[in-house]
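Asks: Now for the letters of each chain:
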Amino acid sequence: MTIQELVEGRIDFKGQKTADDIVRVVLISSTFLSFVIGFVFSSLMITMSTFALCTVALSLVVLPPWPMFNRHPVTWSSVQGHSQK
Amino acid sequence: MHSIYARVNNASALWSTCVMVLLGAVALSSFLFNADPKGDLGIVSLKVYHSKTRRYPFKNEEIGFVKFNLSADLTPLFNWNTKQLFVYLEAEYASAQGVNNTVVIWDRIVRSKEDATIDVVQKDKYRLRDLSGSFSNVLAGQYSLKYNVMPYVGVLSYGEAARTSEPIEFPAARDSVS
Chain D
26 MTIQELVEGR
36 IDFKGQKTAD
46 DIVRVVLISS
56 TFLSFVIGFV
66 FSSLMITMST
76 FALCTVALSL
86 VVLPPWPMFN
96 RHPVTWSSVQ
106 GHSQK
Chain Z
108 MHSIYARVNN
118 ASALWSTCVM
128 VLLGAVALSS
138 FLFNADPKGD
148 LGIVSLKVYH
158 SKTRRYPFKN
168 EEIGFVKFNL
178 SADLTPLFNW
188 NTKQLFVYLE
198 AEYASAQGVN
208 NTVVIWDRIV
218 RSKEDATIDV
228 VQKDKYRLRD
238 LSGSFSNVLA
248 GQYSLKYNVM
258 PYVGVLSYGE
268 AARTSEPIEF
278 PAARDSVS
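Chains as they are written, first to last, in this note's numbering: chain D, 26 to 110; chain Z, 108 to 285.
What the hints contain is simulated information worked out from the structure, not anything from laboratory work.
Since the structure is predicted, the reported quantities are computational estimates derived from the model, not experimental observations.
For every residue, glycine included, the Cβ atom is placed at its ideal position computed from N, Cα and C.
It is possible that some hints are incorrect.
Unchecked claim - Only part of the chain D face toward chain Z is listed, based on derived beta-carbon distances under 8 Å:
#1 Gly34
#2 Gln41
#3 Ser59
#4 Gly63
Could you build the full structure based on these sequences and the hints that come with them?
Replies: Dropping the structure here:
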């Protein structure tokens with residue numbers, strides 16, 4: 026991939042839907058999980074560090090244009106003759 | 108979501124909402140912890156002396172010197188959301204005209220559960236003086252130990268941990284021994 030393609034990180038439409046789902050599920054469940062874990066161990070430090078770890082893991086999964094997000098590229102129909110004016 | 112920038116934009120919007128909800132939940136969890144520790148406070152001695160005011164050395168005023176015996180166990184106040192405790196000893200008295208006064212004469216910042224037991228016989232840290240400059244028009248006063256719980260996230264809360272059992276009269280002012 027060229028540098029421009031890497032920096033842009035384009036993924037196809039099905040991949041975008043997958044990425045959106047992953048973001049929503051991971052963020053909401055990590056909020057809940059880090060509150061519960063911190064409350065059980067009675068330490069605010071544990072809450073904040075589990076949340077931070079989940080954020081870092083999420084950004085590693087969702088931000089780069091991994092091949093799994095590019096499995097369903099758009100199929101363009103073939104070139105047809107010019108329509109007569 | 109078509110580019111990295113778009114995914115960052117989208118994810119950070121939900122992320123900031125999640126952070127706010129998490130911190131709000133931590134702040135609300137403080138209301139689950141209702142500790143009400145009590146201790147003992149006794150006044151060993153209370154003396155009133157003539158002295159010069161701090162700012163104007165030509166003016167006279169009366170200063171009270173308090174020695175107190177204080178023991179309190181404030182460890183129940185430390186939950187996961189407690190950052191520190193501000194503990195202070197107040198002298199409360201009313202003037203003869205009926206005006207109530209409270210003067211903070213000693214305080215301490217408690218930063219961890221291990222430091223939360225207080226067992227001291229000490230003298231006051233700050234001057235006990237009346238605004239009028241004299242204790243002659245003043246009724247007997249009570250002394251109380253109050254605390255302020257400072258959370259990491261959330262609302263401040265206040266409480267009283269100890270109080271003298273009966274009011275203590277202010278003695279007549281005397282000259283200090285020089």
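Asks: Please list, smallest to largest, the hint numbers that this structure does not respect.
Replies: none
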